[in-house]
Structure formats: structure tokens, C-alpha cells
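Engineer: Letter by letter, the chains look like this.
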Amino acid sequence: MTETPLWEVFIRPRNGLAHKHVGSLHAADSRLALQAARDVYTRRGEGNSIWVVPSAAITASDPDHADEMFDPTGDKVYRHPTFYEIPEDVGHM
Amino acid sequence: MHAALLEIADDCLVLGHRLSEWCGHAPMLEEDLALPNMALDLIGTARVLYDHAGTLEGQGRGENDLAYFRGERDFVNCLLVERPNGDFAQTMLRQLYFAAFMEPYWRAAMDSTDPVVAGAAGKAVKEVAYHVRHAGEWVIRLGDGTEESARRMRRAVDALHRYTGELFESSPAAAAAEAAGMLPKRAEMRGDWDRVIGMVFAEAGLDLPQDAYMQTGGRQGIHSEGLGHMLADMQSVARAHPGAVW
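Here the protein sequences come in this chain order: L and P. Everything in the first sequence is counted per our numbering, starting at 1 for the first residue and increasing by one. Everything in the second sequence is counted per our numbering, starting at 94 for the first residue and increasing by one.
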């Protein structure tokens, strides 16, 4: 089955939550991929909605570029709400 | 009334066990989970029906007695479900033939005068609806796939179609339960079955056999050679260790 395309599977555990990546599988086309996702990843009531996406359609960041992609945020502590002190007068936010 | 329930319970158990024989042997990992999923649906239905049949019979027999301590001639499943797995095409066509019958059957059985049957039907109808979808998609893809897959699908039709007529026949036991409103009339599933099979075959590019000879006998306990071997395997642990529990 080496020629069978690879699919990424996303499952929404409950209404109101976001679909979350759970894994991948092989299937000939999108309809069979949905069925396979149901059979492989929702056997224990994990969700109520499934997305399948061809793995080839995903553009991923390059691990070799991780330094320039992600390190610059490391020293910007003021982007976290915990950086700021809230004046007493403001009360409960 | 318990005898009519046994027929349906045996159908579900025997087909469930056949599907479970694929576990660890399916052509791809995804199907290695899908086939036992369907097996567990069917075995779950069989358990409810055996339990209820044992209660109605009133002889103190439980689900294990009925599943594991009856011989081949006592099994009253239809011949279709005991057919050996063959290749993947045959397994999927067998599943489609059976599920396309059971989906309207369980839907009708939700109105059963027997609340246990109605409850089992409400759960099973969703399960077999998925079996129809899954098996149907495979029959379409194999029938309309490569030269080799189409050849195997045609061979599956040749091997299995003769066992579909029995699905619509009511034994005397079934006819009594149908007259009492406990179970749906099997013959009435014909229209739905023809429509689903017709749609799938048209999309799969398969020809529906016309005026094919229909083999029957399962409801009288007259089975093909394969069932005895299957039961010997399925029942061996329970018979070697009667009453054993996990």
C-alpha cells in the first residue's frame, strides 16, 4: 500500500472546541480517509467531528529555521499579561 | 418466540466471528481496525439477543450457553454469514449484502412489540448503516478500480450472490414472531435491499446476476462445511474451560 496517499486527521472533542491534530493514516481518497479516521481514532468516543487533510497539502516550518522563527519572542516578556501590574483602583478584571 | 431471535443472533455472531478472523491479517492497518470494529458491533448485538432469547426460552440458558455450547446443526444462521472470508473483495461484498438487509430490518424492528428487540434495533440500526457505507465504498472502489480488483469483485459476486435469497425467507419460527409484531417481515426488506445493491453495483460497474439459483438451508441447521470448522475454533476455549471468567 506504499502508493496510498497519507492524510492528517483532526478531531473536535466537543462542540465549541477546536479541531485538534490526532495523527495520520493512509487512504485512497478523502471519503475512505474519513471512514478510516472514524475507525482508527474515534473508537473510544473521542469526538463528534472529523477533518481529514492530505498531508501533502500542509506546508510546515523548517526545523532548521527554528532559531530565527521562534527565538526572537523569547525576550518580549511584555507580551504576556502577567508582565503588567494592575492598579488597585481598577479592581477585579 | 426465542427461536426467531436465535436466527438473528446467530447471523450476528457468525458474521462477527468471521470478521474477527481478519484481525491482524487485514491488507492495511486502517482496515485491521475497521473490520474488528464491525465484528464487535455484531457480537454486541448478538449478546443482547442471546440473553433475551435465553430469558424467553426459560430453560436457564444464558448467552454463553447459546453461543458456545450448541453444535453446528443447532445454529440457525443464514448461509451468507458463514461463507469463508475469501479475499478482501468477498469479505466486503458479504458485509454489504448482509448490512443492506439489516439496516431496513432494524429500522422496522424499532417498532417491535418487544421492548428489548426495539432497544437493540435502535442501537444496531446506526451500526449497520455505517457497515453499508463502509462496505459499499469498498465494493465501488474495487469494482471500478484496477483490472485485478474488478476481476476479484466479479468473482465475489459469483461466489456469494446465491446466498442472498435466504435473507428474505421467513422460517416458521420467524413467521410466528413476525405475526406477533415482535420482528419485521423479512420479505418486506426486498425493496430497500434491491435499491442499495443496485446503486452500489451501478457505481461499481458490476452486473447484478439475473435469475440466479438461490441456496438455502441455514435456518434448518443445514450448513456448509465451513461453519463446523469455524465453530470448533470459536467454541474451543469455552468448551475446554466451561464457566471460566476473566
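The hints are simulated quantities; they were obtained by calculation from the structure and are not laboratory data. Among the hints, erroneous ones may be present.
Using 30 angstroms as the maximum straight-line C-alpha spacing, the simulated DSSO-like pairs for lysine-lysine come out as follows [said to hold, decoys possible]:
{"id": "1", "chain 1": "P", "residue 1": "Lys278", "chain 2": "P", "residue 2": "Lys219"}
{"id": "2", "chain 1": "P", "residue 1": "Lys278", "chain 2": "L", "residue 2": "Lys20"}
{"id": "3", "chain 1": "L", "residue 1": "Lys20", "chain 2": "L", "residue 2": "Lys76"}
{"id": "4", "chain 1": "P", "residue 1": "Lys216", "chain 2": "L", "residue 2": "Lys20"}
{"id": "5", "chain 1": "P", "residue 1": "Lys278", "chain 2": "P", "residue 2": "Lys216"}
Small disclaimer: the values here were computed from a predicted structure and weren't measured.
Engineer: Run the structure past the numbered hints and jot down the numbers of the failing ones, going up.
Structural biologist: 2
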